[in-house]
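Got chain R sorted already, so can you dock chain L onto it with the hints?
Number of protein chains: 2
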Amino acid sequence: MACRSRITPVLRRARTASFIRPVNSSPGASRSALRCISTSSPRHFTASSSISAKFTTDTYPEIKRDERFAQITPEHVKFFKDLLGKDCAVIDGVTAEVSTDEMEPYNGDWMRKYRGHCKLVLKPGSTEEVSKILKFCNDNMLAVVPQGGNTGLVGGSVPVFDEIVISTSRMNEIRSFDDVSGILVADAGVVLEIADHFLAEKGYIFPLDLGAKGSCHIGGNVATNAGGLRLLRYGSLHGSVLGIEAVLPDGTIVDDLSKLRKNNTGYDLKQLFIGGEGTIGMITAISIQCPQRSSAVNVAFLAVDSYEKAQQAFKEARQQLGEILSAFELMDLRSQKLVQKQRGSKSPLEGESPFYILIETSGSNSEHDSEKLGNFLEDVMGKEVVSDGVLAENETQIRSLWSQREGVPEAVGHWGGVYKYDVSIPLSEMYDIVDDVRAKVEDAGLIGDTDDFPVIDVVGYGHMGDSNLHLNVAVRRYDKRVEKILEPFVYEWIAERNGSISAEHGLGLAKKNYIGYSRNETLVKLFKQIKNLYDPKGIMNPYKYV
Amino acid sequence: MACRSRITPVLRRARTASFIRPVNSSPGASRSALRCISTSSPRHFTASSSISAKFTTDTYPEIKRDERFAQITPEHVKFFKDLLGKDCAVIDGVTAEVSTDEMEPYNGDWMRKYRGHCKLVLKPGSTEEVSKILKFCNDNMLAVVPQGGNTGLVGGSVPVFDEIVISTSRMNEIRSFDDVSGILVADAGVVLEIADHFLAEKGYIFPLDLGAKGSCHIGGNVATNAGGLRLLRYGSLHGSVLGIEAVLPDGTIVDDLSKLRKNNTGYDLKQLFIGGEGTIGMITAISIQCPQRSSAVNVAFLAVDSYEKAQQAFKEARQQLGEILSAFELMDLRSQKLVQKQRGSKSPLEGESPFYILIETSGSNSEHDSEKLGNFLEDVMGKEVVSDGVLAENETQIRSLWSQREGVPEAVGHWGGVYKYDVSIPLSEMYDIVDDVRAKVEDAGLIGDTDDFPVIDVVGYGHMGDSNLHLNVAVRRYDKRVEKILEPFVYEWIAERNGSISAEHGLGLAKKNYIGYSRNETLVKLFKQIKNLYDPKGIMNPYKYV
Numbered sequence: 004m005a006c007r008s009r010i011t012p013v014l015r016r017a018r019t020a021s022f023i024r025p026v027n028s029s030p031g032a033s034r035s036a037l038r039c040i041s042t043s044s045p046r047h048f049t050a051s052s053s054i055s056a057k058f059t060t061d062t063y064p065e066i067k068r069d070e071r072f073a074q075i076t077p078e079h080v081k082f083f084k085d086l087l088g089k090d091c092a093v094i095d096g097v098t099a100e101v102s103t104d105e106m107e108p109y110n111g112d113w114m115r116k117y118r119g120h121c122k123l124v125l126k127p128g129s130t131e132e133v134s135k136i137l138k139f140c141n142d143n144m145l146a147v148v149p150q151g152g153n154t155g156l157v158g159g160s161v162p163v164f165d166e167i168v169i170s171t172s173r174m175n176e177i178r179s180f181d182d183v184s185g186i187l188v189a190d191a192g193v194v195l196e197i198a199d200h201f202l203a204e205k206g207y208i209f210p211l212d213l214g215a216k217g218s219c220h221i222g223g224n225v226a227t228n229a230g231g232l233r234l235l236r237y238g239s240l241h242g243s244v245l246g247i248e249a250v251l252p253d254g255t256i257v258d259d260l261s262k263l264r265k266n267n268t269g270y271d272l273k274q275l276f277i278g279g280e281g282t283i284g285m286i287t288a289i290s291i292q293c294p295q296r297s298s299a300v301n302v303a304f305l306a307v308d309s310y311e312k313a314q315q316a317f318k319e320a321r322q323q324l325g326e327i328l329s330a331f332e333l334m335d336l337r338s339q340k341l342v343q344k345q346r347g348s349k350s351p352l353e354g355e356s357p358f359y360i361l362i363e364t365s366g367s368n369s370e371h372d373s374e375k376l377g378n379f380l381e382d383v384m385g386k387e388v389v390s391d392g393v394l395a396e397n398e399t400q401i402r403s404l405w406s407q408r409e410g411v412p413e414a415v416g417h418w419g420g421v422y423k424y425d426v427s428i429p430l431s432e433m434y435d436i437v438d439d440v441r442a443k444v445e446d447a448g449l450i451g452d453t454d455d456f457p458v459i460d461v462v463g464y465g466h467m468g469d470s471n472l473h474l475n476v477a478v479r480r481y482d483k484r485v486e487k488i489l490e491p492f493v494y495e496w497i498a499e500r501n502g503s504i505s506a507e508h509g510l511g512l513a514k515k516n517y518i519g520y521s522r523n524e525t526l527v528k529l530f531k532q533i534k535n536l537y538d539p540k541g542i543m544n545p546y547k548y549v
Numbered sequence: 004m005a006c007r008s009r010i011t012p013v014l015r016r017a018r019t020a021s022f023i024r025p026v027n028s029s030p031g032a033s034r035s036a037l038r039c040i041s042t043s044s045p046r047h048f049t050a051s052s053s054i055s056a057k058f059t060t061d062t063y064p065e066i067k068r069d070e071r072f073a074q075i076t077p078e079h080v081k082f083f084k085d086l087l088g089k090d091c092a093v094i095d096g097v098t099a100e101v102s103t104d105e106m107e108p109y110n111g112d113w114m115r116k117y118r119g120h121c122k123l124v125l126k127p128g129s130t131e132e133v134s135k136i137l138k139f140c141n142d143n144m145l146a147v148v149p150q151g152g153n154t155g156l157v158g159g160s161v162p163v164f165d166e167i168v169i170s171t172s173r174m175n176e177i178r179s180f181d182d183v184s185g186i187l188v189a190d191a192g193v194v195l196e197i198a199d200h201f202l203a204e205k206g207y208i209f210p211l212d213l214g215a216k217g218s219c220h221i222g223g224n225v226a227t228n229a230g231g232l233r234l235l236r237y238g239s240l241h242g243s244v245l246g247i248e249a250v251l252p253d254g255t256i257v258d259d260l261s262k263l264r265k266n267n268t269g270y271d272l273k274q275l276f277i278g279g280e281g282t283i284g285m286i287t288a289i290s291i292q293c294p295q296r297s298s299a300v301n302v303a304f305l306a307v308d309s310y311e312k313a314q315q316a317f318k319e320a321r322q323q324l325g326e327i328l329s330a331f332e333l334m335d336l337r338s339q340k341l342v343q344k345q346r347g348s349k350s351p352l353e354g355e356s357p358f359y360i361l362i363e364t365s366g367s368n369s370e371h372d373s374e375k376l377g378n379f380l381e382d383v384m385g386k387e388v389v390s391d392g393v394l395a396e397n398e399t400q401i402r403s404l405w406s407q408r409e410g411v412p413e414a415v416g417h418w419g420g421v422y423k424y425d426v427s428i429p430l431s432e433m434y435d436i437v438d439d440v441r442a443k444v445e446d447a448g449l450i451g452d453t454d455d456f457p458v459i460d461v462v463g464y465g466h467m468g469d470s471n472l473h474l475n476v477a478v479r480r481y482d483k484r485v486e487k488i489l490e491p492f493v494y495e496w497i498a499e500r501n502g503s504i505s506a507e508h509g510l511g512l513a514k515k516n517y518i519g520y521s522r523n524e525t526l527v528k529l530f531k532q533i534k535n536l537y538d539p540k541g542i543m544n545p546y547k548y549v
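Chains as they are written, first to last, in my numbering: chain R, 4 to 549; chain L, 4 to 549.
Some hints here could point you the wrong way.
[To be verified] Label pairs and their in silico Cβ distance ranges:
(1) Glu-65/R <-> Phe-139/L: 54 to 60 Å
(2) Thr-525/R <-> Gln-532/L: 56 to 62 Å
(3) Arg-178/L <-> Glu-432/R: 54 to 60 Å
(4) Thr-399/L <-> Thr-525/R: 51 to 57 Å
(5) Thr-399/L <-> Asn-501/R: 45 to 51 Å
(6) Val-527/L <-> Asn-535/R: 51 to 57 Å
(7) Glu-374/R <-> Gln-343/L: 40 to 46 Å
(8) Gln-74/R <-> Tyr-63/L: 44 to 50 Å
(9) Glu-499/L <-> Ala-73/R: 42 to 48 Å
(10) Thr-525/R <-> Asp-308/L: 54 to 60 Å
[Said to hold, decoys possible] Dumping the calculated EDC-like pairs for lysine to aspartate or glutamate here, alpha-carbon to alpha-carbon at most 16 Å:
(11) Lys-340/R <-> Glu-413/R
(12) Lys-528/L <-> Asp-258/R
(13) Lys-205/R <-> Asp-181/R
(14) Lys-318/L <-> Glu-387/L
(15) Lys-205/R <-> Glu-319/L
(16) Lys-528/R <-> Asp-253/L
(17) Lys-205/L <-> Glu-413/R
(18) Lys-318/R <-> Glu-78/L
(19) Lys-318/L <-> Asp-182/R
(20) Lys-81/L <-> Asp-95/L
(21) Lys-528/L <-> Asp-253/R
(22) Lys-84/R <-> Glu-131/R
(23) Lys-528/R <-> Asp-95/L
Source of the hints: derived by calculation from the structure; they are not laboratory data.
Since this is a predicted model, take the numbers as computed values, not measurements.
For glycine and all other residues, C-beta sits at the position ideal for the given N, C-alpha and C.
Only chain R is shown next, with the shape it has when bound in the complex:
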């Protein structure tokens, strides 16, 4: 206890208390309320309502409609209506007038960055219906876009031209749950938050959590290999998804809905659909291994004097907190200043440090976890790895500390626009990209405090525990000069360090042309080979991915 005197008053006070969160109230659940609408229909448009939704075809005039695809005819529509029966299962803008309100949620993304010309939305109620739809589309050369909650960030789930949207929204049943093994089997259209609430009642947790949980569908999560907040602890979906049911473009139903943790009988084909972004088939159900829900959650917010010290703190946290560490998030001072400026609030800590860290622990024993976290904090403050810190005493404080991290994306975009890069870079060099980009913008005289300068600031934050950085350039207005500095510089910088130009957001339309920065020619060739193998006519989610 020799180091106790180094701990700030706030921290010292906090350490005397411990906090137990009710099993069915995760930090994710409370946080998601801040920015999600709990509905299975995609209606996120408030987020960027000030930006007009341009057609993707106007933004990217170089993308041409693939003329091999047929135009949708009234006969096609009749087939789908006869097949799906119910009125609510077809939104028909081909043979009827449909209000923009009804069609837009399927045609545009929630950032209002992408907007398609889709006139037909199909909502099958079963895997067999998906199979019949896809077979018909494949036979008739009708292009399709599988769509879940439509919460993606790279334009992967919205049409570009007149592709038919096949929505998973009516396939939303939990099929089974085994409360001994923790294995959940559910339709692709189950909303992530609903799955997580269902599991909470059983004492389990969905091994994925992300901001859009109130809207996103688990099928879409798997199709895009979503990363999110629990990856550090529970690993990626490539490990936790045990099986999938999917439909190939020719209507073949791939029933690989295994409920087994171990099954070494053949190639693990389901993995191609995980992160395949609906380009080789449509996922209709998943089977997933769910971990026990932790009864104890603690959150600490710490200041460090350099990025080197942040790395040291991460190493110590992995060692000392080991099995209970569930989040290690980094935020630079600039990102925090933007949050405080936007909110008119104060930092949880006195003074200023170049970097802040949010640490979350989740475990089965509140006392043990508090002791481990307390010892860790004493140790890193004693060694002067961490210069200051505060520990949440109750759920309100946990939420408040998390909001310092989760408020960044909103704050960064508050004064106009933001250029966003979701990248993965080996940890030792991860933050360098922020300094390098900032230096280039500064050298060009484009950054400043007044309206004369387009750039407000260049900030970095993200899932440090997963080497996943969000590089954001906050701007007052979009400016070609800024874009010229950023691209291809950012991608080249990442490629030189064998990083990833899309750590968790996927390729979609946004990154399709930049894949070469993260993948070599051989791999891209092999990707195209797989695409051609499963979707030789190219009807699945065209104009995207590879």
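Here is chain L on its own, set in the frame of chain R:
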């Protein structure tokens, strides 16, 4: 503490002490010494030396040599010798005499169940050499078998006819290790135990552990998607392997050796090689996420009165031990009796119970872990889920308790032979197969205590935490009547319950013809499509897998 009186004296004594294992001395490391020889050459023949090694072609006369494959000529041998240079890199039984001692370790498996007619072993020293070898073989229609430590159980890594063995034994460098992220990059031929010892010095652990660790190669582990003892805690290789380097049959080097935990840019092709058993390409290096090594390890050995109570105990262990649970192994009484009979030893517990459980915890804080385990034991004994138990006080006791579980395979085979099934079945029905098989053998009058009966006993044990059962039929001699009872009954039984006929051992030659019991026709068709895509000439590990 109301339940303390229910705990047996042994347990009560044990609970007063806690145990800290040195970081670089894992239970795996000590256990492996019992049955492995620490060498990178495959020389396991002592294990089943009493059984003569029949040629696979004699055991399976229905398998015919694929006449599309060329015979190896002196010109072929000259090419390989010129390419590989060193004498030690080629074992040439084509143009020269080679002693059986030198060739047999590559031609046969360590169980002496499979034996090929291979006359040429190549040991490339680099990925480029592997590429040139495969391209030459593909161009000249020479069939090959990639081989690591050759410790498999299904005949997957040995030739059937005259296929050329390409051994990874000379590719055994650790390429890099990042001690902040815990990411290891290493050649395919690194021995698992050597990798684990290397990591131990850094405070990390390889996320896989298995009996053959002293001989098996990590490339082979990945190629066969090995499961083993740490899967319950650290998940499967599909989650922990971050990247691979592999060579396709046409010589293409697939460089997907990512050191990133997150990289959503394209299909996750590496997954096809994980568990692909060398049938579409040869893995030459891997990149893998390694967890922190736990400083505290505890082991308890418990008795339960029924399989239902074993399931209850598992559920409680997951809940109460949560993040520190690292093994939950089941053994039936019959398996334990065979261990004691073979060794002339006593059970760690008084009396007899139909089932025993071994629980291991691994965590970062010895006191916390002991307290959690103590509380758990009090709880399950208080509820009469567990009837008796003992807790290891030191490393010798840990090893002794583990040997009750790990000694089963040897004991079961001690009196003659054993029919082995490595299966996965939904947990609620998992043990029923043992009772059902035993009843059938009993009905047929084939089981008994004297030499008149071929069957000694039918036993079940395994990784209960992963729903992975080892069903073993211990016999005095092999008998067609027993085989007729077992097959296809066992496979049909598993298929009816959507189980897996090979949970962790793979398909190889042994299960090739039985894949239909675990995979539907559509999947098998898709598997063959993948095989044909990557290996259109079929030179990679023929006669096996699908």
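Structure-based check of each hint:
| no. | hint | verdict |
| --- | --- | --- |
| 1 | Glu-65/R <-> Phe-139/L: 54 to 60 Å | 44 Å, violated |
| 2 | Thr-525/R <-> Gln-532/L: 56 to 62 Å | 21 Å, violated |
| 3 | Arg-178/L <-> Glu-432/R: 54 to 60 Å | 18 Å, violated |
| 4 | Thr-399/L <-> Thr-525/R: 51 to 57 Å | 52 Å, holds |
| 5 | Thr-399/L <-> Asn-501/R: 45 to 51 Å | 46 Å, holds |
| 6 | Val-527/L <-> Asn-535/R: 51 to 57 Å | 21 Å, violated |
| 7 | Glu-374/R <-> Gln-343/L: 40 to 46 Å | 42 Å, holds |
| 8 | Gln-74/R <-> Tyr-63/L: 44 to 50 Å | 57 Å, violated |
| 9 | Glu-499/L <-> Ala-73/R: 42 to 48 Å | 45 Å, holds |
| 10 | Thr-525/R <-> Asp-308/L: 54 to 60 Å | 58 Å, holds |
| 11 | Lys-340/R <-> Glu-413/R | 13 Å, holds |
| 12 | Lys-528/L <-> Asp-258/R | 12 Å, holds |
| 13 | Lys-205/R <-> Asp-181/R | 10 Å, holds |
| 14 | Lys-318/L <-> Glu-387/L | 14 Å, holds |
| 15 | Lys-205/R <-> Glu-319/L | 13 Å, holds |
| 16 | Lys-528/R <-> Asp-253/L | 14 Å, holds |
| 17 | Lys-205/L <-> Glu-413/R | 40 Å, violated |
| 18 | Lys-318/R <-> Glu-78/L | 55 Å, violated |
| 19 | Lys-318/L <-> Asp-182/R | 8 Å, holds |
| 20 | Lys-81/L <-> Asp-95/L | 10 Å, holds |
| 21 | Lys-528/L <-> Asp-253/R | 14 Å, holds |
| 22 | Lys-84/R <-> Glu-131/R | 15 Å, holds |
| 23 | Lys-528/R <-> Asp-95/L | 37 Å, violated |
Taken one by one, the earlier hints fail for this structure at numbers 1, 2, 3, 6, 8, 17, 18, 23, listed in ascending order.
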